[in-house]
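Using the hints, build the complex out of the two chains.
Protein chains in written order, with this note's numbering: chain L, 1 to 405; chain X, 406 to 1309.
Don't take every hint at face value.
Mimicking DSSO-like on lysine-lysine, the simulated pairs with C-alpha atoms at most 30 Å apart in a straight line are [to be verified]:
no. : chain 1 : residue 1 : chain 2 : residue 2
1   : L       : LYS248    : L       : LYS76
2   : L       : LYS145    : L       : LYS228
3   : L       : LYS199    : L       : LYS144
4   : L       : LYS76     : L       : LYS144
5   : L       : LYS193    : L       : LYS228
6   : X       : LYS1273   : L       : LYS23
7   : X       : LYS1286   : L       : LYS193
8   : L       : LYS63     : X       : LYS1273
9   : L       : LYS248    : L       : LYS228
10  : L       : LYS199    : L       : LYS228
11  : L       : LYS199    : X       : LYS734
12  : X       : LYS599    : X       : LYS734
13  : L       : LYS248    : L       : LYS199
14  : X       : LYS627    : X       : LYS686
15  : X       : LYS1286   : L       : LYS23
16  : L       : LYS63     : X       : LYS1286
17  : X       : LYS1273   : X       : LYS1286
18  : X       : LYS780    : X       : LYS627
Don't read these hints as lab results, they were simulated from the structure.
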Amino acid sequence: MSEPLVVVGNGMAAARLVDELAKVALGRYAIAVIGDEPRLAYNRVLLSSVLAGETQSHDIELKPATWWRDRGVTLKYGCLATEIDVGRRELKIANEESVSFSRLVLATGSMPLWLNLPGADLVGVHTFRDTRDVDLLLTLAAQKKRVVVVGGGLLGLEAAYGLAKAGAPVTLVHLMDRLMERQLDAPAADLLKSLVEPKGIKVLLNANTARIHGDTRVEGVELTDGRKLDADAVIFAAGIRPNIALAKEAGIAVNRGIVVDDHMQTAAPDIFALGECAEHRGICYGLVEPAYEQARVLARHLAGETAVYGGSVVATNLKVSGVSVFSAGDFIGADGSETIMLKDIRRGTYRKLVISEGRLTGAVLVGDVGDALWYLELIRTREPVASIRSGMMFGRSFAVRQEAA
Amino acid sequence: MTAIDPALRATRTTCAYCGVGCGVLATPDGNGGAAISGDTEHPANFGRLCSKGSALGETLGLEGRLLHPMIRCSNGVMERVAWTDALDHVAHRFHHIIARDGPGAVAFYLSGQLLTEDYYVANKLMKGFIGSANVDTNSRLCMSSSVAGHKRAFGADTVPGCYEDLDEADLLVLTGSNAAWCHPVLFQRMLVNKQRRGARIVVIDPRRTDTAGDADLFLGLKPGTDTALFSGLLVYLADNGALDRDYIERYTAGFEDAMARARSIAGSTAATALATGLAEKDVAAFFQMFANTPRVVTLYSQGVNQSAQGTDKVNAILNCHLATGRIGKPGASPFSLTGQPNAMGGREVGGLANQLAAHMNFTPPDIDRVRRFWKAPRIATHEGLKAVQMFEAIARGEIKALWVMGTNPAVSLPDADAARAALGKLELFVVSENVRSNDTVNSGVHVLLPAQAWGEKSGTVTNSERRISRQRAFLTPPGETKPDWWIVGEVAKRLGFGAAFNFNSAADVFREHAALSAFENGGSRDFDVGALSSLSDEAFDAMAPVQWPIRAGEAPRPRLFADGRFFSNDHKARFIAPEVPVLRTETTAARPLRLNTGRIRDQWHTMTRTGASPRLGQHLPEPFVEIHPDDALKSGVTDDSFARITTDYGQCILKVVVSERQQRGMLFAPIHWSEETASDARVGALVAPFTDPYSGQPENKATPASIVPYEYVFRGFALSRALLALPPQIWWTRVSVSGGHGYLLANNADLAGWQSWLHAAAGDDLAEYKDVGGGVYRAASFSNDRIETCLFVGPARDAGDWNVVKSLFAAEALSNDQRRTLLSGRSMDGLASAGPVVCACFGVGRTTICDAIAAGAGTAAEIGARLKAGTNCGSCIPELKRLIAQAPVPGADSDQRQLATASN
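For reference, chain X alone in the conformation it holds in the complex (with noise of 0.2 Å):
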């Protein structure tokens, strides 16, 4: 265990993950480690941490770190520079295509990644100075079409209700969200109170997912049909007097239309129950069961918002609580569950290309209020791109100059083959990043800037319920590595833009944000933190966790809208009447089944920071896709097997996961693996790119798709110290273990392709193990007595145990009899050895022979009687004497016995 120094303090930061935005305790270790423990005294985890957060510890690796600047010289080549002249070339070059091309060839992409400081520099160098909204954001992935839908119905992105929700609710309804696995310590408070006040829990997914294992009612829908669902609630809400005349009265418009397009939609429990091939009975129950329960939340997150009907389907949900007067009042409301750290705080400062800045909009008086606060005259006007459209642009050659700051578009765009090609055509690719390689940096890049990671940043994150946490820096940041805001402001500088970059801190950045989100306000937008806009240094960095709105003078406030207080123009709420639900492809006989995307219990996004922790590999450690048994027989797949998954956009080829739990006609695949660490499962090329008429959000999760078999000859698996390069035409993917990296590995090579491949990778001191005829090639290279590298390889189900070698890899030192059996791939354990052979006639070995001295053989020939050694050739007899001679007097062996104890 890593020895902490006690003089070493604990630093209160905030997760790197998703959206709940746990505190965390990091405590140094002094050695560029941490160790990590969940903060009791922050409210959105109170302690509790989930298996992703609990294992940061071991991804604060320099491993693989980008450190300095680089730039790609004329020979094609990445070559260190320094940053001013990295700098001065980013700016350089995008003042030359501006000049050239007009603001609008330029784009940042940012992510839910960055923090809020981060975040708001580079909005206000995009959109108040270069003069473009090209200013788009990983979350448009993630949550936009729940940000579209919060504006439709409230009249700004507000999320009403508060985590405390959870904790008070009778009723939780889960829809699109595998909370169990994606937000863990949420789901864990959701269980909390179904233990203690007997919360019901309603999951509404295509997957049984984990999340349902706790429910007491499943609805497995059909994909893309939560509007129809949604509907029906309403029309039954209606039909039942379970509606709130009073609210909808005086606090909303368009209750009428909507209403009638409810009824058209799912105008009964049975029409519900067709329109979403649930049975009538379940719909039933989750009708009654809302209608009777006053303190209801519904809690929504990609499966709703990843959808190109998304916004409609956010604002079905919202329908059902604004008629009900459901909404931010204890234990009852609607909740955007959100997916990254700081997609909230994004949002807050414009990150998407349809927001300006502080949750104001592309209105003619809001760009007036932006301009004068930032004194910025040339600020954009007009929405920019969003993310799919903006790297269709990009590959149409209209936008030839992109910065993508912390994130893995070329991973997790849908079509990210296309969106991968376009990077390739940009004139400027600026990227900056913790990690020097991953599959946006290895699509051409030209100029790499290395960014603070996770544990040296400093700044503010906001949480799925709108608290804003500090994330604090408790490692010395390595190499150059600088602060994005800082990297931002230096090229605004050197852009002329030096006068509204002057900042010297996140601090300084905080504050300014914070004051812009009151410039003007007075309570007409719901985003107001001008009460932190004086903070001191110090008091920014002692900020404690607090939730928005936080307007000077006033107390924060947990909830909104429950005083029917909404902030459009006049105030009210609107009822939407959605589009009649569905999918935007049909499947056809080529493409008979529908993939669905999403994420695993251990991973997150495109694993730079979860691949690195052995612990979290350990889970699923294989790409693969779960169908349903029908589906497997019909295709001619098979569990554990292999499958190539075909779409209109891209292949992939994957373990094969049989299962239930997958509804018939739907396939499942995981998001995570890239390039970087698997060779054939980059999923996201497989999704269609169509996207929500209104948030730009992509439909990630109901791509036509096909499905064949896929045959490997050989598996198995290797294990190294250092990263290898695999030959070609291998299945692989890479997975972090204890002391190095593992592969699992597929082909349909020749053995002796493995072998010498080996003999190229692999030091001197090698073993090795090989049956040509029965397919079976096993090896490993040490040094002293540590693994170096190992290669199991067998034909189908026979290259070896990998988690008995996994653990003699993490050993530092294998003992002689470890080294022996390692090439066995099997455990050894319960077989007792016999030690080493003394008696090669008979093969009695030296452990046999020592306990029949032990057991009173005082000579050779005793020894003989009992165990036929040294009875036939005898030249082991001198051997057998001296084991004699050697043996413990009886008297002296209990005292030695106690000795090995006591030094054990």
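Bound conformation, chain L alone (with noise of 0.2 Å):
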């Protein structure tokens, strides 16, 4: 008899871990998915690329319905679970019955930051987060709506860029005096500005959101500086929260996410989170690579095997309004190391790699992202750098043929 295991979110780190534990427990467990949004699990990293018109809504789909049924996945999506009884291991669901579990699984991920300023309840205010937002935005889109995005992370920039490839006339408005401040140096985020400014993106930086103006819906912008900026719709999208609710309200421990040890495994005995919700050694990913570790390990535990996660290094490595952007470690370069760099503006390639004690020990890399996994790898194994130095900023290929030499 298989034991019952509620996953709770249907998103990339859920289906992942279905995945996982079907290729190391298959049978083991009842597996029953049970996520808000009414789709199948989708590919949220390709949300923008969906807006941007590069692809179809429906190509997102990370796995088709055979896919989960063939893995014998009870799947429930368009139900929200509401309450967790721990003691009773049930899960209660909005409009249906509980479901009981053996172990659960949070994968609730997260939700977008609705910045607390004059006007953010009025019409014409949204966020980027699923597959109703990326339809919103296509409407305003085609209405040709002015856009402003707050936030210059990853996330406003997928969203500018999406609206501006959909047509709309978008203004990206940062706090920081450089975008993606989190994952890139100066001279990187400078390229990048310059490289998604000629997509159709106006961006403002050090420009701090006062207020949003309009009587019932958009229609401006002010900065604290006393700017204002002609608007019909704001999007959010300066950060995300953890979805925690749940687990909140169950009395699992929680801090900024849900609290997990290194078997993903909350305070509350067969319950376990992970991707986005879960707070690992004080860390909260929002990325999907960690979830993905994450998954892997979980599904192993869940299998009996034995499995730590660790943490991940975080590395951002991916696209940006079709901008490739890499970066891992230090990559500003704390004191006492060193940098070297690469830069050719028009090309559109900016590198550096920071070493420390001779050890590569962080990476940015814009535009130009070959050899990106081999200098992570470098910088998670630690290894010497010394005699490939000089090469090692051209590629793998290069630097080990320079080494030979």
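Structural data, given as structure tokens:
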């Protein structure tokens, strides 16, 4: 008799967990996946591609319905889990019967921050998180609405790029002096800015949003320095907040996220969490790769194998607004470290490698991200790089040949 | 390649470089360039050209050319003026100085690169009409010892043999000649003789040069001991019955004295070996070879001439040939190899301060004869100052006006820094030049006169075998450039000598020159080209290469003196008793080595012409000093490092080449670099200004010197379309490269200095690589996709690969991939490119993915299964699908490839 395993959340982490479980413990669990979004799990990373018209919405589904069916998964999408009864091992679902579990996995993801600004409640203020948001934004773009995107991180850039590509005049306002400051150093961010601006995105830095103007609908945005921007819509993309309400109400220990140990187990027995909702060793990851690593560990653990998650070396490795960007480790370069830099603005390339005590400790790449994974591997393995230093900027094959020469 | 309009015909002319005087076919391309090939009909080369001659086409560009007259204005700036103003100014200033201080206060310094006609007019003006013999020429540095030696022995400056002797000799003795590099076409001719007829080659040189590579016997003698070797040879010939007693008896004088002196210098083979530092068996082998081979040609060049005893060395050689009667006979003669295209022509007109004109001297009958011919009552009556002494007189303020034509004495004279400083003291300093800038021009010139260059000017030159050839124009003279004979003539007219300078063409000048050579000659003077004195303009244009003498009514003579008729008063040759060989300087503890100087294969003189050729810049791009491994060890210098060479006269910093080819105790440094082409390589500034008492030729090959290592932290190179103004305190050398200028660099400043310098020098489209900790800075600026300027600096040997970057610099446009890898400074050949990254998560490139699709992966999932691409975040899956959709249909694939092949 299979144990009932319930997964709350039907996003990328959940799908990967099921996939991993099917590999290592097929048949051991009767899996149920409960998700509030009314569709099959999809690749959230590709939402901006959908927004940009580069991909069709149905193309971003992670797995077809048959895939879930073949693995015996009970899939309940469009269902909101409302309460966990830890003692009775039951999950309550709105408008549905409760389901029992022997193990419960929380993969509830995160929610966009809704900024607490005057006018934040006006019609025309949106976020960018799921399929429904994409549909709304596409409508705005189709109507050539003037959109202000608040937030110059990854999410804001993706929203701005998609909107611009879909035809909307877009202004991106960012509080900091550079884009993606958590992933990029100043030259990389400058280059990124210069690469996204020609795509139709007006970028305002050091721009602190003071209020949103309008009677009932958004009419404009005012910055703290007094600048006023005409706008028909505002997109908040200034960060995310782990979705912890369910756990918190169940009395499971939470901090910023749901606190988990190295087996992804929460403070409650047989209840686990992974992905953006989880907080491991004080860190809430907002990227897909740590979620996938966590899924692999958790699947093994649930299969009875020994598996430990030691945290992820955070690497950003993606296309932002059509521009390839990679950063990992100490990408700024702490005191006592050395940097090697390659910059070719017209080619749209910037590369910085940070070396400390003879080892690669950080890297930023913009534009040309070939060899990103090699750098990540060097950072992770802490392999000495003295012998390849002169060639490592130009890629693995070049550096290895140099070393041999 | 340059497309040649078939309508443009090839012009027969002669090479601009050495004294071999090769015939050249130049076919203009209609755009200021020309295709160059050897003239198969020219008897000097029969179609062969050396590396320098072959690259003449690369030296015709107008970059850096002086195109109009310029005068230094009161604010110190050189400004363009009209020809009439420039000529008026020169004439006025000369007139003023001559009137005030006398004719001895003015001087001309001429060049073996002037044409005979230019030389003739300049010599006529100074000696005939200004009345001073202060006309000297850079030939003074080149072969004046040969001139003096010839005159002492033969009574005239006569080269007795001809090039055919090199084909017919059974023994070729090269002494003080690196003919393989300096006279390559003749050397190849000697090698053909060696291969076909088995002629043997002996090379005598303190350096084991490339010429020695083909030698049957190499004699690496101590510097300055040639006289001992040839004295020993004379003794050996006498003691072994190899003398031509009859010839000596009938046609020569002074044999006994010379013989006695030879015995005192090197009375035996053993004594010769001791005096020269050679192994006795090698000396003996040479002596036997010489004694037993009737057909022997002894060729000598700067190693003999450039010596404070150069004239004696020449006579020691001539003594051996006279004593065996091996002179002017097929395959048997002494042979002076001249270094410049028209050194011989200069000698013919009297371009040296100790000649008058047309091989006449400052003897009363000659002076009277030339005075009458020229109708020149004020003709100079005694010798003028020879080059080194001329510049010393300038430094002392005795000579106040100097006109330099077509040469670069601030580089080439010994103690060149002093010579350069002397130029700054002149009251009037006029330079006729092709280039706007060189070390001489930049030494405070007052008037710059734009002369026509090779390819533009027309006239005659004479090569080492007395063969007069036409140099013909095949290019339109650019700007306001003029022939040198015209420029001098115009100044002469303004000085009031118009009647004697009424020349309308080079042919006019040549006819007068030829007439003077025949004037009251009657066979008494060797130089007679009277048969050419009435050539029509057309005949002059069409003149085929011809050897002098060509007396009216007689055939030209390829060889002289076999008949024993010389040009002394008694028609006998003179044996000369040379002084005991000793160098003018001694080494000391502070200057333990001797500096030898010379040429390299692919450069010529001060590089104002060869330096323009990228091809020629490839061979030895950096100024260097060669040193024996033992001396290197002692002085702590290593191969490919830098060293500072110091003499009592100056300093240089040169790249070190450690080589067994160099003799212990000797350094060798090439002479070609100047302040125009290198920061610290004015080798002339190192050379002691001691001269030969007869010829006035300086001892360029034995200056006491010291060498110490010189460290540079950074080395590198730069390439640029335009000339660069480098930051101060840099060791640099400039070399022409395809598409622009290359700079090899070294310094001890910090990288930040390079970066800020480059930012100022380069444009906005800049790519940079910086590793401050690793000491590396590389950057390239682009215009469109072409490199405009690039700089590679790094520690010692990590600057980058000069050849790789140079080839990318030569390209009109870089591909994206080439630009991506340019700043690695290394070749990416053999490294497969994965193409631009599609799957960021797994770093999978487009090329790799397309290969997988071509190999059958038809869906994103199949690509993922093979390459992992798209299996992590999945954001590349749309692109994967596009690539699948775009992939060529398998059937159509081959057609496309064929099309691609066809369009290549």
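Open item on the list: Checking each numbered hint in turn, tell me which of them this model violates, lowest number first.
Closed with: 4, 9, 11, 13, 18
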